[in-house]
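Each chain is listed here by its residues.
Number of protein chains: 2
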Amino acid sequence: MTSAMLSEIREIPAVVAGLLHDGAAETERVAAAVRAAGPRVVVIAARGTSDHAGVYARYLFESHLRLPVVLAASSLTTVYGRSMDWRDSLVVGISQSGEAPDVAAVVSAARRAGALTVAITNEPGSSLAGAAEHTLACRAGVERAVAATKTYVAELAAVAALVAELTRGRPASAGPDDLSRALPAVPDALDAVLGAAEAWIGRADGLVEALAASDRALVVSRGYDYATALEIALKLKETSRIFAEGYSSADLLHGPVALAEPAIPMLVFRPDGPMGAALDGSVERARALGARPWIVGGREVAAMADGVRTVSLPLDVSEPLTPLAFAIPGQLIAESVARRRGMDPDAPAGLTKVTRTL
Amino acid sequence: MTSAMLSEIREIPAVVAGLLHDGAAETERVAAAVRAAGPRVVVIAARGTSDHAGVYARYLFESHLRLPVVLAASSLTTVYGRSMDWRDSLVVGISQSGEAPDVAAVVSAARRAGALTVAITNEPGSSLAGAAEHTLACRAGVERAVAATKTYVAELAAVAALVAELTRGRPASAGPDDLSRALPAVPDALDAVLGAAEAWIGRADGLVEALAASDRALVVSRGYDYATALEIALKLKETSRIFAEGYSSADLLHGPVALAEPAIPMLVFRPDGPMGAALDGSVERARALGARPWIVGGREVAAMADGVRTVSLPLDVSEPLTPLAFAIPGQLIAESVARRRGMDPDAPAGLTKVTRTL
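Just so you know, the sequences run in chain order A and B. Residue numbering for the first sequence follows this note's numbering, starting at 1 and increasing by one per position. Residue numbering for the second sequence follows this note's numbering, starting at 1 and increasing by one per position.
Just chain A, same shape as in the assembly (with noise of 0.2 Å):
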């Protein structure tokens, strides 16, 4: 039987077509709302998977809209009660339920000192949407796995279109690529991602196999796929309680790096480009002290040489854009692990949809 949790996977390619269509007029407004606002500081709160959607806004606000970006601590407002200055904030608050209350508190907080904000959820009828001036809507449908997997992909195609807007026709050389260009085709390199992971997922090529039967793993990658490594590491506990810890690559070598052997699986997210070739560097590094790596990339993993696993990817979608894609396998290899590992991928042990922390 197919799980709730592949099925949800499965429909990432037409959540983020509908989104970007359906969504359209929402974040036109929204994005009519940051630019008369002109702030100065965007913070963002959120936990759990929606923080990692976090951290992706949070590169492709300060690459693309060159603002700082703070990434929210909840408790300075809900246990310190201390008053912040959030005068020119843009406040964002993130969560597919929209009822972790922490995040819903540093947002009203926000708005009564004076920021702008903005929820980003899957349900525009929560207490996150009511608490915020503006929402932008998942439009992911109901999601009954509890591990989070189009709803994640919805929040970073959230983020991406609202960055697209707000830098819509800038002239080349005020920065990277405009992100409006490359939206549209978004959904089209996700279903060729989509089809090319699970076919991949279908050969017994080991990493399944390796993970299911290691209760760690490294999940490594940097830049804007950093959310990307600290995702599948979480997907990874959810589903199949494996300790895998999510790191940049930088990261990784300042001390974790003590943890590489070669009965602990190590899943890289490469990207290519410059992020790829940097990314190598630290790999190779790692592969010295005895990991041994499985490369998941696009088209120049696959002429890497012999003796390191990769999995080639039709990632046709510029770099800004593959966390979205790097989702799919991703989340597909968590959901295989468990059911190999005899584990229900749709209700882990101890988990519920809304978690609620103050």
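Hints in this document: simulated from the structure, not taken from any laboratory. Among the hints, a few may not be true.
A pair holds if it fits inside one copy or across any two, identical chains being indistinguishable in the list.
SDA-like mimics (lysine to any residue), calculated; alpha carbons at most 20 Å apart, straight line [what the hints assert, rightly or not]:
1. K353 with R285
2. K353 with L289
3. K353 with S97
4. K353 with A288
5. K353 with M343
6. K353 with L6
Using the hints, position chain B against chain A.
Chain B only, in chain A's frame:
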């Protein structure tokens, strides 16, 4: 034979006393420069252990100065070549050796773009110190063990001394406790914590044995001591090759709590006060799912119910300063676990004292 790591942990109270005394004039000069610049945003660039000092700095700057704090994504500068808008920013680079090329690159780019730049380093002749306009020296002396101990606490103390100077004499109504009044008593408090922690480590109460027998561990705290959880988890990785993950207690509940089981030690750093009470709820939830926590705390843990394993230390510092104190039992635990696992705490396999990433 006493390890260099243990000797260096024992130097911590004297190192902090020396920093507060000998570094006072330097701290005053940097504080004057910060006041004159009037930054709207603080950006912190660091890696590894120093990144955890950055996490501490983040809570202290946000809570005591109400300034938003960005933990820099150095790849935006070093790999993607983005130029950020650094005006009105205070950019702080933290590195024990001062030879982290990515940290120096961020500080250099920020200085060229008009930011006020400060290096916090144990090496005032380092390239990081050269890149920054101002330097706060850690004055910790030579550190021989690869795992940073006294230099980490010295970084925390340098940050606390700067924030104390920036808030000196501020009316109580303007914010939390006056750090400048609390800091002078810290060296004696650290001395008392060191004595109590060494006495406790010497007694066989099972924690060191449990950690040494496990290849996984959870390290949990929150708020100011989120830095403690991250740093002690890293110490266990570096010295003992244990997959120890550091979590905020709130993040723990958003997925990773699925990992909790009796065979995986869970180490909790619990300050007295409101954050301690907030932590208790998360620890209780983890216990219900099978975790067996050890709780390291102050007076309040002594009164906890039977059945919870606690370590009560003479924690005579206000909560914003507890990370300086909790580092001591945390580092002592890592040192003891390494020796019990038959490893050399001073020279972990695969690691070097200076790590260069770009």
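Structure-based check of each hint:
1. K353 with R285: between (39 Å within a copy, 16 Å between copies)
2. K353 with L289: between (39 Å within a copy, 16 Å between copies)
3. K353 with S97: This pair counts as within: shortest intra-copy Cα distance 8 Å, inter-copy 45 Å.
4. K353 with A288: Between. Shortest inter-copy distance 18 Å satisfies the 20 Å Cα cut-off; intra-copy 41 Å does not.
5. K353 with M343: Cα proximity of K353 and M343: one copy only (17 Å, versus 42 Å across).
6. K353 with L6: within (16 Å within a copy, 45 Å between copies)
Going down the numbered hints, you'll see the structure goes against none, and every one checks out.
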